[in-house]
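K.L.:
Model the placement of chains B and U on the given structure of chain C, informed by the hints.
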Amino acid sequence: MTDAAGPKPGLAAAGAVTPAEVEPIPLDEPTGSQWRDVWRQFRSHRGAMAGLMVFGVILLAVLIGPWLWPYDPTETDIRARNTRWIFACLALPWGEVGSCFLDPASSGLKASWTHPFGTDQLGRDLLARLMGGGRVSMAVGVAAMALALVLGTAVGVAAGYFRRVDGLLMRFTDLFLALPLLPLLLVAVLLFRDQLNAALGPEYGIFVLIVFGIGITSWMPTARIVRGDVLALKEREFILAARAVGTRDGGMIARHVLPNVLSPIMVSATLGIATAIITESALSFLGLGFPPDFPTWGRLLFDGVDYLQSYPERVVWPGLAISLTVLAVNYIGDGLRDALDPRLRGR
Amino acid sequence: MNIKATLLGAAATGLALSGAAAAQTGERGRDGELRIIYWQAPSIMNPFLSGGTKDVEAASLVLEPLARYDASGEIVPWLVEEVPTVENGGISEDLTQITWNITPGLTWSDGTPFTSADVAFTYEYCTDPEGGCAQVTKFEGVESVETPDDLTVVVNFAQPTPFPYGPFVAVESPILQAAQFEDCVGAAAPSCTEENYNPIGTGPFVVTEFRPNDVITFEANENFRTEGQPAFQTVTFKGGGDATAAGRAVMETGEFDYAWNLQLAPEVIAQMEAGGLGTAVAGFGPLVERIMLNNTNPDPSLGPDERSVVRPHPFLSIPEVYQAMSMAIDRPLLVEIGYGQAGRVTCNWVPAPEIYASTSMTCDEQDMEGAKALLDGADIVDRDGDGVRETPEGVPLSILYQTSTNAVRQDFQALIKEWWEELGLEVELRNVDSSVFFGGDPGSPDTFQKFYADVEMYANTFNGTDPQSYLGNGLCDEAPTPATQWQGENIARFCMEEYDALHAELLQTAETEERARIARELNDMIVQNGGMIPLVHRGRLSAHANDLGGVDLNVWDSELWNVAEWHRTGE
Amino acid sequence: MLTYTIRRIGIAIPTLILIALTIFLLLELAPGDPMAQVPLTVPAEVKQQMRLALGLGEPLPLRFWKWSVQVFWIEPQVFVDWLTRDSWLLGWLPDTNLYDGRLRVISWQTRGPVFDIIVQRLPQTLWVVGLAYVVGVLIAIPIGIISAYRQYSWFDNAGTFVSMIGFSVPPFFSGVLVIVIFSVQLGWFPSIYDTTHRVTDWDSFVLQFKQMIMPVMVLALQTTAQISRYMRASMLDNFGQDYVRTARAKGLRERSVVLVHVLRNSMIPVVTVVALGVPAIFGGAIITEQVFKVNGIGQLFITALQANDLPMVLTVAFIFAVLIIVFNLIADLLYGILDPRIRYD
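Chains as they are written, first to last, in UniProt numbering: chain C, 1 to 347; chain B, 1 to 571; chain U, 1 to 345.
Isolated chain C (complex conformation) (with noise of 0.2 Å):
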């Protein structure tokens, strides 16, 4: 190949630039100053502190928020069901909202402090079932997109570094694109549960389950992606010119083609998170999922849509709490992105 087939002058251009300009980390200059800087960068990024900041919270409140909180997100309470979250009192004429506020029950309207979020139809508190299926929520997100990009990540890599591997990797990406979701999952429930269930428990087992069918069929996408890049990268002059000072495979790879396909996995990540946890809810509306009292984001959204236009809360909160999520993720990983790459790095 030759510059010269770069038929734009932009792209000849970039050909005569020397190799040790564009070198994205300095070969021989290990690590430690280097991630200060790294960090240094990610905070001076508005945005991904914001987003840092919304992630820690949500994270605590499902984490430690579940001890404090005097409901069980099972327990049932017949007589308190159907209530009203407190800011529906809002809704009230102006001159009664303050006194409905200080004392709901006064003002005919089924509400009260005691569940400020409201209830379900069979009295279980929303604050609890929000705070309890954050953690079911938070952990299949994390844990089936960092499985779907890490399988991703290694297939694409693979393929498009080595051309020897290439063909087969893709077609086994085609096969598994190729696979429905729904008859993949309840083979491996069927395979799979109750070896789970005895090793792990029913909810690890099940959690174990869910990860892993959602992992596996969502990191083809993430591996086209990545090959498509690294194609691309591989013949590029950085590159050439480190195998040309003898760079072997492995370490070519860490240093100079990860790095350099890191916004594509970035954006994959942060769309893969709200890819599994709609596809969790998905999944427990279709039985495949949490045992049923067991509560999650996407289940409650699920849940709450034959009510919309009686209990909006019912809706409005974990929706929000999964696009919340969601956001903080993408601008957590746009900062990442940005204290990441070296030539932004300082500016």
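Note that these hints are calculated values from the structure, not bench results. None of these values were measured; they are calculated from a predicted model. Just so you know, nobody snuck in bad clues.
Rough simulated footprint, nothing fancy, chain B against chain C, three-plus residues with beta-carbon under 8 Å:
#	region
1	72-79
2	307-315
Residues of chain C placed beyond 10 Å of chain B at every Cβ, according to the derived structure:
#	residue
3	W35
4	L90
5	F212
6	R236
7	R243
8	G250
9	I253
Chain U side only, calculated, beta carbon under 7 Å to chain C, not exhaustive:
#	residue
10	F167
11	P170
12	V176
13	V180
14	R229
15	A321
16	Y335
17	R341
Positions of the beta carbon are idealized from the N, C-alpha and C atoms, including for glycine.
P.N.:
Only chains B and U this time, still in chain C's reference frame:
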């Protein structure tokens, strides 16, 4: 808001009006288009090849039986002059023969005459061993169908049959046109796509286009027997989506006139009715939501072939245990939460028709203290301080409670789990995708037939008004086992000699009152001896637009049984 | 490039057979029963007879063989017959009459030929899902470009916010929300899609537009969110490259730097995502179709799956696999056009 209030008033008057609908007359097709929505889409128009309610009911617009059940569960003549009985000589004295006299002058929608040959052909079509006919039980015990002349059909039974209204009666057993289906018998049945999608019938409508699992369009049958019927020129029969959307389309946006089987939470229905364009109507057949009690030991350590064969269950065989479990349930609350106006409290396995419904048991009040006392009295107490009671042998009352995936069932599970845990039981819940749960795949451990759990919840019913074969589901040899490839309807694997003997007596009895007495006794026997815990008598809830007249919800036959009489009320 | 294409097509055939076999075995292994939706009032023996009538009693290899023959030999005959008989393209040719009435791929649930039903479902799927995809991509690419060019401007932030919300709210919620607002409260659009509607004049076009707008928008939101994110990320990567600096230094107009050089070099991940999305159009949008009752291929697939209608599921999944392979091949070829340094041979 004002408009809504007025419309709400209109809804109330609409209800009263449906009774006065008989006055409507006029020419055929005067009311334009009727729009029906079934949230499960029909996939075929031949009820013999699909047992699904959605398909059978869609086909009922076109295909008709000789006689059918009306909304009150009475058999009424449809294509015949009268319903044969022993009194009018239509049924032979020895109960082995029934003779139907077809109304003269009937024609198919293509104009050809409707004859007894078509009826006899239908029998042959369904009983062909290679055809895989879903309604073959309708013809159980039939020895032959004879056609002495064009208008007479004689059905001969091999044995005396006290209730001979199986063949050619009700929506599941309509008549096919012999000329059309001639080449579709047996193994050829599935490949007759054109015939299965566009059957020729005697009903008020004719298929113009059938799109499987999507939408069917019909046109009024120009050769329909009653002058001035049907009132609608075309029918659009949309399928797909979910019950919420179907209810919304009738009651809130007014896009459709009739929505079928709205299994929705009562608050949701109430909120939709407030939309003011439609009304929900309920009807009660024999459908009962129940908890089946496993009479065998489902212990996983027993291995797949022993599990669910070895008797007895380690603790569900103790009468105090299942009695206490039943007493701890607050049935009125379950009805209120799950079904609203489409549910009633029941303690019976056969809650309808009226004469078969036992009145000997009551269960409309929760009695937690009584239940606890009952267990204490039987020395089933918490021996090791873990909050779970143990039997005197030291077996903890730990229950795996499974059901199919369905929002209402999961709510029930959550509530019942809480009550049982208060009683001192340990409860683990499981829900299984309904296509697996109700599917008979012998490879799956999660089917309801295998019942690898201690208790399981689902609903069941029977067709028509005679519970004889339904009561047969309590017989010892009906239990599904590995030896029978898990075939059999006795899901609880209930087994009691007295029950088998009494059921045998029912088979020999012809007199209605006596049959009803035996049936009630069988019902009590199975409920009181640990076969099941009935929970809710479930009705069918459908909704119709306020300006649609003539709707008379029929749970014994097709909901669309009298569609020929439906009309616009002009409101 | 040509040899590469030919080689890939050559490999595609065994790959497809392998995929078909895998899906077949997966469906066989999965618990579930085509009789699951038959009511409990039908006894088990009858259900067993119905299963046998569907051919379920035959051994696995035989059933797979039969399906293969039907798909690869009999259905093409039907297709060729149709081409020479009814199609406007080749209808002038003499009728071929290849099809001799042997059994086609028959759906268990509907007892009708699977391919006829798929053809019946294509118009609404292409109209709604396809249009949504086109709309989504057309909106996403400019948003991605502007977002990257003006990183962290208000436009970028708003774009990020809206697209992330759009992506994280599942259609089973957003669909119902727009129905409640636009159909129930405002009464502007129908909540139920009429698949029998035909566009013949202006009024029927308006009606078609009205019934399409909600599902198209709900779906387009998802596509836009996804593609604009990849577009933005990839553009950002390229803006940092040295060739951009060089191009600017050479005095090229900013417009051509961004829209020609950067855009072209940023298209690789976007092409991948778009190519992955096109077969998905055929696959339909399972949830959105369900919410708006569009009854396209997505709804067909999910109902068939729930009813364990094996021939239908297998055939739809197989066509899906063919499209995936074709479009991934197209994507790979496009890589070479976008970046001539990428070579496969």
